[in-house]
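Protein sequence lines, in the order shown, are assigned to chains G and B.
Its first residue numbered 1, the first sequence is counted upward by one per residue in this note's numbering.
Its first residue numbered 1, the second sequence is counted upward by one per residue in this note's numbering.
In short, the hints are calculated from the structure, not lab data.
Check each hint, because a few of them may be wrong.
A pair counts as met if it fits within one copy or between any two copies, since identical chains are not told apart.
Pairs of lysine-lysine, BS3-like flavour, derived with a Cα cap of 25 Å [as the list claims (entries may be wrong)]:
#	residue 1	residue 2
1	Lys-429	Lys-132
2	Lys-94	Lys-154
3	Lys-187	Lys-203
4	Lys-154	Lys-425
5	Lys-94	Lys-339
6	Lys-132	Lys-425
7	Lys-203	Lys-132
8	Lys-203	Lys-150
9	Lys-94	Lys-348
Residue-level listing of the chains:
2 protein chains.
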Amino acid sequence: MTALTLPVNSFPHLIIVGGGFAGIELVKHLSGKPIRVTLLDRNNYHTFQPLLYQVASGGLGPDAIAYPLRKLIGPMTNIVFRMAEVQRVDTLNKEVITDIGRFGFDFLCLANGAQTNFFGNKELERNCLTLKSIPEALDLRSQILQEFEKAINKQQADGEMPELNFVVVGGGPTGVETAGALAEIRKNVLPSDYRELKANAMKVHIIEAAPRLLSAMQVASSSAAFRSLQQLGVDVRLNTSVQAYDRDSGLLTLSNGEVMQTNTVIWSAGVKGNILEGFPSEIIGRGNRYRVNAFNQLEGLPNAFVIGDVALMHEDPAYPQGHPMVAPVAIQQAHLFAKNIMRLIEGKPMKAFSYFDKGSMATVGRHRAVFESFGIRLHGFLAWWGWMFLHLMLLVGYRNRLIVFVNWMWNYFTYQRAIRIIIRKYVPKPE
Amino acid sequence: MTALTLPVNSFPHLIIVGGGFAGIELVKHLSGKPIRVTLLDRNNYHTFQPLLYQVASGGLGPDAIAYPLRKLIGPMTNIVFRMAEVQRVDTLNKEVITDIGRFGFDFLCLANGAQTNFFGNKELERNCLTLKSIPEALDLRSQILQEFEKAINKQQADGEMPELNFVVVGGGPTGVETAGALAEIRKNVLPSDYRELKANAMKVHIIEAAPRLLSAMQVASSSAAFRSLQQLGVDVRLNTSVQAYDRDSGLLTLSNGEVMQTNTVIWSAGVKGNILEGFPSEIIGRGNRYRVNAFNQLEGLPNAFVIGDVALMHEDPAYPQGHPMVAPVAIQQAHLFAKNIMRLIEGKPMKAFSYFDKGSMATVGRHRAVFESFGIRLHGFLAWWGWMFLHLMLLVGYRNRLIVFVNWMWNYFTYQRAIRIIIRKYVPKPE
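Only chain G is shown next, with the shape it has when bound in the complex (with noise of 0.2 Å):
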């Protein structure tokens, strides 16, 4: 593998490991800095995850929340991106190994967030479909209308269908968003496009093993969530959790004991970081998250940083277990990070991160959201409509805000969600 040769010149170079909210945030920051910066990232796009499950369920397309990074560092001239699949670091020598070959760095900042956890149960990884990614969004879209389309060819019996039954596991807000758009798709979508269907074939669960729903948020907050879902015909299980998924029997086990017969399992029960070869264990702690000081700096690698959903700090006071692995703690770090780094290579103090948290939320269909913010609870249409603008301000680019807007005005006003397409159908991964 034959060393890259990148653009030189006397600034020090820092290696950004992932095109998240965390490395993007950094590279705005770092831009027209005495600095070299290159960013690395599998893909050639930002991924804006909050909203991949409109994309699962037909309400918006790819590009709508794909961001491309090239995009992006275009006009950063002290900016380079290589898309690049990163195997290892060696600490050592100071470089990061990639398919495409070595990048030598001066300083490392890894900010390649989170994946699913199965909690090492390898038959949930294998039986379920997640949703943390864009390819992973458009694959359970498939599914979900491959499903239909094998209902409706099959005699119908009085009894649940397995391919009309969809089971989502985990209440946070990926989950409790999913359950909400695949109600509402019930409601909206299968009557009109499936008129030969029962109706109410169609059943949508929610597993979930705390004794509430978005567990992050207040009582009330989860309360509400319930009720809506409830509304709109969700089935919630609290206090459970999923012991088993046989695909081919379709078989799913509940820690009650309770079997259901399913084609679809959704799983957003939990995530963990992404850690690379080449670190030593002692500095990996709960969640599969790198430990942290204050300063986002690795212990005994002085010139190693980890910022966002992947890095576990324990010394902001207000948050001794480490931070939510959420979007804000991942933008907030990044943009102390384009400080500090550039204070260590003037030489002076860096200062220590403190997480400022402005609030959550999450929605669960139409005019149906929760909303927290500085000690303002809200819940119903406001919420909603404060969701959806937020968002909206979120989004990378202009362009992906218009066309967010576009197709949101389009399916409220036509209680549709457009986009119901299977462009590659979704072949489940192979025993």
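Using the hints, position chain B against chain G.
Relative to the frame of chain G, chain B by itself:
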């Protein structure tokens, strides 16, 4: 394989194979008529093929040009849709055999269009990219972007780089439009997205076997398209065809003995009809199309009709060699067949088809198009706006028109092709 249960009543049952321009025009006109209709398509959406090259070149997303067939037939109570791959027709027993089962019919209408024609050259078929479906367009988009990423990782020699050498084979509308789009990427996207590449390192070639481009149009239009492509820096080769292309070495051999090196050959040099199993070979004519009479009826099979690209009719006096394989013919044949099938059922005589040619057009790039209609011939600015307006009108559904319009306006004012994202990597077919 079991017979499928479909809603039954006393009306005769028509099966339409294919939801292209012909198929969807036909269901629109049969909606509410005393006939039962089953529309079959391998996809659950209609593809607006004229804009596939814009999906390939990152100007539009798939959802802008795909229209869900179930949305179309939703309100049409006498029409059902099945997503099915048709394998064979049993004309004796009046059954269509598909991957999901058998469908009995009283009348059959084949409207399953055309596919890329490699004229029997298996090497070209294996090694070239094509533009007949949305997955193919997305593959081409990925391939183009992947080659850019490869090029930027290479030490740049002085000669041409096979990664940045793009060859379009075929100078019909698809070829001309694709070459023009690639040339605009070179001009407007490459300099900012790939600052490290040498200016003009990318080359676009178009190879046409005939003495002129757009040979279905007037000579003046061909000349205008030729000049437009040259102004955009495209290398246009006329009277030239492709002899061989080896993907491993990248060597492309032309009929004049010249050899180019390229990683991307886009084949748009011909189409042929999609013929199903179960028909006698005598009724297959030139271009792999079914010979039909003036009523689009198959010889010796009075219950079977063929419309659109795959129909070869010699009876239209102005078109003794058969009609061009274009959307307007398909739409007009569908419109007439909708009347003829009802006349046939009512015992009335059918009417002969006669194509009314409203003109043709092709676009090369921004403010560059050619347009011919009722003796009027335009090229340049006005033709380009006319092309855009007519394509917006031809698109199926208000949502797709709106989304295409918004994307086009964005692209027009920013000079961008915004969707420069590799959702799924293109992996060439194995040898």
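Hints not upheld, ascending by number: The structure conflicts with no hint, since it agrees with every one listed earlier.
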